[in-house]
Amino acid sequence: MKRLLPNTIFARLFALIVLAIIVSHVMTFILVVNFYGRDFPPPPQFKSHVDSRSVEFSENRRPPPMLQIAGYSLPPLPPGLWIGLLMQLLTLTATAWFGARFLARPMQQIAHASTQLANNLYSVPMTVQGPDEARQTASVFNDMQHKVRGQIEERERFLAAVSHDLRTPLTRMKLRIENLAENYAKQKLRDDISEMAVMLDATLEYLRGRVSNEALQLLDVQALIDVIVEDARANGDSVHMLGAAEPLFTKPIALRRCLMNLVENALRYGGDAVVSLIDTRTTLVIEVRDHGPGIPPEKMEAVFEPFVRLDASRNKALGGVGLGLSIAREAAIQCDGQLTLRNAPDGGLIASIAIKR
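Numbering (this note's numbering), first residue to last: 1 to 357.
EDC-like cross-link-like pairs, simulated, lysine to aspartate or glutamate; straight-line CA separation at most 20 Å: (1) Lys174 with Asp192; (2) Lys174 with Asp201; (3) Lys174 with Glu195; (4) Lys356 with Asp279; (5) Lys356 with Asp220; (6) Lys356 with Glu287; (7) Lys174 with Asp191; (8) Lys356 with Glu246; (9) Lys356 with Asp336; (10) Lys188 with Glu178; (11) Lys356 with Glu214.
Rather than coming from a laboratory, the hints here were simulated on the basis of the structure.
As the structure is a prediction and not an experimental result, all values here were calculated from the model.
Use the sequences and the hints to build the structure in full.
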């Protein structure tokens, strides 16, 4: 059953205050009824000092109609009482709405800042404002963001140093292998060293992409895809582009990294790639399709995990270390987009990036 009100702090506070207002008005009405009493006694009769005409007039005058409520006989309540109760209800309800919104706003700001932090460690810190509790929460959140950013940057520096240290022995191993006699083991050693270098480069690219602090820029996406298509064709690959798109604000390096990985995956596992642009007023959708074996539906999410390869369609012999889709998804998130996969009805895989304008 669908809720009448959303399950938020604002909705709960507003509903609680409105309920309190309604209960208070009902209690007020009950007190008013009890104050008037149950059956009102007849008005007193003054028989002295009254002439015959006034007595005749009082006898012929009809009493006002009585209001029957839950067994009580009441005279009509004055209109001012009803208007006053209605004005109080409207005023207090409006005050409850603004008050609940004011109290729930810090929580909404924290939720928004948390979402931004999850997508980008270099997002703008929260503004320290509002009551003491909200200011304290914002300060703690900003301090946490600063510490997490420092830890990630320290890890990045450590990995860069390890990368440099690992490349040196790999280079020495290559030189020493060349001095060996040509045999089966020599070629296997060359392959192992090349694979280690590819894994090292892919891992560093993946980690660098997660901590990117690239700024938003107005980008001609259609021109960017034209360049990617032309570069692929220059290498003899079958890549085509369909559709058109207007420029949008995004992160050019991250979007290029995402598209390059998707096109490389399509070429590696499908033999060709078709890049389609579907542009609307609110969203730009970029689809990269191949004509390969596709992915089993139960493994659509698993392929986004680092170092995950499928035995049947994506194996070690085809190259790659299982980071292409992981890098593409991280880059799409940085562009405020979402990367999804689905199998085409007539065969092949379609990678779709939906970027908000």
